[in-house]
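There are 2 protein chains.
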Amino acid sequence: MTTENALIEPIVLGAERRKKPSPGARKTVRLGLLGCGTVGRGLLELIERNRALIEERAGISLEVTKILVRDLSKERPGVDRSLLTDRPEEIVAGSLRGATFVAPAPCDIVVELLGGIEPARSLVARAIADGKSVVTANKALLALAGAEIFRAAARSGVRIGFEASVCAGIPIIRALESGLVGNRVDTLCGILNGTSNFILTRMTELGESFEAALEEARRRGFAEADPSLDVDGHDAAQKLAILSELAFGVPIAPGSVKVEGIRQIEPEDVRAAKELGFVLKPIAFARDLGDALELRVEPTLLPIDHTLAHVRFEDNAVLVKGDAAGELIFRGKGAGSLPTASAVLSDIVDIARNGSAPLRYADAPPKPAAPDGHARFYIRFPVIDVPGVIGRIATALGSRGISISHASATLVPGKPGHGNVKVLAHDCRASVLAETIDAVSRLPVLTGKPVAIRILETS
Amino acid sequence: MTTENALIEPIVLGAERRKKPSPGARKTVRLGLLGCGTVGRGLLELIERNRALIEERAGISLEVTKILVRDLSKERPGVDRSLLTDRPEEIVAGSLRGATFVAPAPCDIVVELLGGIEPARSLVARAIADGKSVVTANKALLALAGAEIFRAAARSGVRIGFEASVCAGIPIIRALESGLVGNRVDTLCGILNGTSNFILTRMTELGESFEAALEEARRRGFAEADPSLDVDGHDAAQKLAILSELAFGVPIAPGSVKVEGIRQIEPEDVRAAKELGFVLKPIAFARDLGDALELRVEPTLLPIDHTLAHVRFEDNAVLVKGDAAGELIFRGKGAGSLPTASAVLSDIVDIARNGSAPLRYADAPPKPAAPDGHARFYIRFPVIDVPGVIGRIATALGSRGISISHASATLVPGKPGHGNVKVLAHDCRASVLAETIDAVSRLPVLTGKPVAIRILETS
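Residue numbers (the working numbering), protein chains in the order written: chain H, 1 to 459; chain V, 1001 to 1459.
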């Protein structure tokens, strides 16, 4: 048996045996925090609250050695002031401010919670160059500079933990990296922006307008003062790019996700959706067609028995189809201080415990965007309420090869003479439909820009 | 910087750097399979199909060195016959058959897919003693002998991978061990048995009887010839025990889960549930009350907007409440050859890549069962159809302190003179209700055993 064991490659199991902590042994892991905003304070709170539990479960004792903040004078209740610094070089080596050398506080993992691109990008690069693993919740940074960061990390032999960058506390990065490691994933589909889902849910269930629902989201602290990252789909697109790189193993260039927001949606549309047996959801969709990728974020109609149709209000969910595991759905809170801190903490513990190199991240050459697929569409045409208006629109669509299975007209309350014609178009290409709508919208009966919404049929 | 790095504990980050594989480097991981049934063949198929993908993503090349089977002569299409053996000692050292010494084939990880208790238990113990990590899909074994297996593994410094033992391809073990590592979990609730969910879904959506739905499950290969493990709740109870040990960190003795199956459910019950705004689901529920545990598997009524209410047919789902991450839901196929193989493979890759010791498994002292909590209940009393029967039952309940919010009577089609009285009881203790039902069932108008079903109110 001894001879046999000696034959085992040390990297596989020998290392495991060497590294086994003796019962009760604790390893201290020192953290340097960049940023002390909502997530930073959530992390500090969570580390304090569950310290004993983490030590007991994982044999790890966490110690925060320094916290970088912009403004030292700001009140931060519950945060040990002696840990605060406004000098990045006290956490990562080198200096952003010139030649002065400052020895950084000892730390094993750098936790980047600054958000935004700079100085996060430079500080993360510096931490990697220092040989420190980095945990980040910064999806904008990863979407923009992920490839560069992961390459640098591979060169330095350090890990980048980014579970918190997508869907906060939902362990979707782990699921793709580890749970589904033996699967070929071809489709990934999700509700990745809680604010948009909250707004569309309020519009659907309470009949609110987009503006009223957005205001409510603001009141509850979901939406930023400038909500465009959320409601225009860019936040979801960044998350979709990160998830798709993992799922499909190819780099996704920023901007390769087709994005459409939800501002143009009227209560009229969610009502019509319901009557037709659909629910309107902010869907991020990615599919690997082998030689090309479909990547889009747009409001989408789901059949009411679709798995994602029941994901309401600010909840997020991701559906992944693996060739072995089948269809998996992960659902939960996609934002918030503690859910995000939960994900950051899971990465910290994982990096502290596991010595392996990360999976190879998006190593293959990029794939081109797929040509538009076929789908059914719901289309609303704002019109002047004149006799024969349905006929004129249906004829215009038909003459351009778009068949419809349903058409109805309604009046706009409080706007005499104004109405909407709503149609369900048969399977057609989005690009063909767009051209056709463009042509139809030049009809004199039209009063505004038509709204077309894709229907996602499969679960 | 060099000085600084030298101060970092080698276990945390130094090891990581040492272990970084050079680009393109591949590590061969040799697998000894115990068993070549449905899951074993699924695993072999998956390894072949996604070999390149696994090598590329994880830098690991998988090699099956031996496969233990009971019957060497059986046809196994696609399986390399030269790998088969009927002698366990060719995979794990020592001999089950006496003193003959056989040098086992070299392997790094033993994959136990035999199912059942023996010889799985002995062979796993032997593999652990050999210093080999073990991956198993055997929930019955873990439910019975988990504590002993995990203790032995800790002593030998090897890992036990058991993702496949609960809910097949849903990475719920990973979620609890890693994604939620920083969370205190207080509630875990799920649909853990696909056959029972399939049967109740057919009864609900198609009005089938229990027997007809079970027959259909058999026809589709979900249910065994003897379906009692599934429909009597024991399979779900084993899974709940494994998940609860991880979630709450305490050992769960077999038999400490209160179990009730679904055989007594009539189409009548699912119909009434629907009319009252509920859906009947086979629910496994665990809650940590601090000084005691609530653990039960039973058919349960969920409000129709409950997250688990939409989990249909053979799908499984687990809802976990973490104090930081909030409510997370994991959903997917809970059985089947490839989904289970997907989980087995994820454990193999994880053990091959990560050198860390497992989380401490159920180290704390066990907790007693919690006293019965309060709940609302639906109760059906099979009765003789006589005037005043609702009154007599309602009075009997009321006189024993059980208030009701709804009562209705229906006739049993095709059984003249027989009916059912269905009531909704207000919040009461299950134990008090059970005594009361016992008393009421001695009323002369009763024709059979009443059926009481708990209502789970919260999401």
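Hint data in this document are derived by calculation from the structure and do not stem from the laboratory. Beta carbons: idealized from backbone N, C-alpha and C, even for Gly. There's no promise every hint is true.
As the list claims (entries may be wrong) - Which residues of chain H face chain V? A few of them, derived with a C-beta cut under 10 Å, are: (1) 38; (2) 42; (3) 58; (4) 309; (5) 339; (6) 350; (7) 427.
Claimed, not checked - To spell it out: a stretch of chain V is covered by chain H in this simulated footprint if at least three of its residues, at any positions, have a beta carbon under 8 Å from a beta carbon of chain H; those stretches are: (8) 1253-1263; (9) 1270-1277; (10) 1326-1340.
To be verified - Restraint-style ranges between C-beta atoms, simulated for each label pair: (11) 374/H x 1275/V: 38 to 46 Å; (12) 1075/V x 289/H: 36 to 44 Å; (13) 457/H x 1406/V: 36 to 44 Å; (14) 1206/V x 77/H: 39 to 47 Å; (15) 1218/V x 274/H: 44 to 52 Å; (16) 1415/V x 457/H: 41 to 49 Å; (17) 431/H x 1206/V: 37 to 45 Å.
Item to check | When the least beta-carbon distance from residue 309/H to chain V is tested against 10 Å, hint result | outcome: At 8 Å from the nearest chain V Cβ, residue 309/H passes the 10 Å test, so the hint holds.
Item to check | residue 350/H as chain V interface residue, shortest Cβ-Cβ below 10 Å | outcome: 6 Å, holds
Next on the checklist: Is the coverage entry for the region 1270-1277 of chain V by chain H consistent with the three-residue Cβ rule at 8 Å?
Outcome noted: As far as the region 1270-1277 of chain V goes, the hint is violated, because 0 residues have Cβ atoms under 8 Å from chain H.
Next on the checklist: 38 to 46 Å was suggested as the range; check whether the CB atoms of residue 374/H and residue 1275/V agree with it.
Outcome noted: This hint holds: roughly 41 Å between Cβ atoms.
Item to check | Interface hint for residue 38/H, Cβ within 10 Å of any Cβ on chain V | outcome: 13 Å, violated
Next on the checklist: Range first: 36 to 44 Å. Now tell me if the beta carbons of residue 1075/V and residue 289/H are that far apart.
Outcome noted: The hinted range 36 to 44 Å holds for residue 1075/V and residue 289/H, with Cβ atoms some 38 Å apart.
Checklist entry - If you look at each residue in the region 1326-1340 of chain V, do at least three have a Cβ nearer than 8 Å to any Cβ of chain H? => result holds (count 11)
Checklist entry - Taking the beta carbons of residue 1206/V and residue 77/H, is their distance inside 39 to 47 Å? => result 58 Å, violated
Checklist entry - Against chain V, with CB atoms and a cut of 10 Å, does the hint on residue 42/H hold up? => result Nearest chain V Cβ about 8 Å off; hint holds.
Next on the checklist: Taking the Cβ atom of residue 1415/V and the Cβ atom of residue 457/H, is their distance within the range 41 to 49 Å?
Outcome noted: 44 Å, holds
Next on the checklist: Does residue 427/H hold up as a contact with chain V if the rule is Cβ-Cβ below 10 Å?
Outcome noted: 26 Å, violated
Item to check | Supplied contact hint for residue 339/H, tested at 10 Å Cβ to chain V | outcome: It holds, given that the least Cβ distance between residue 339/H and chain V is near 5 Å, below 10 Å.
Checked against the numbered hints above, the structure violates hints 1, 7, 8, 9, 14, 15; every other hint is satisfied.
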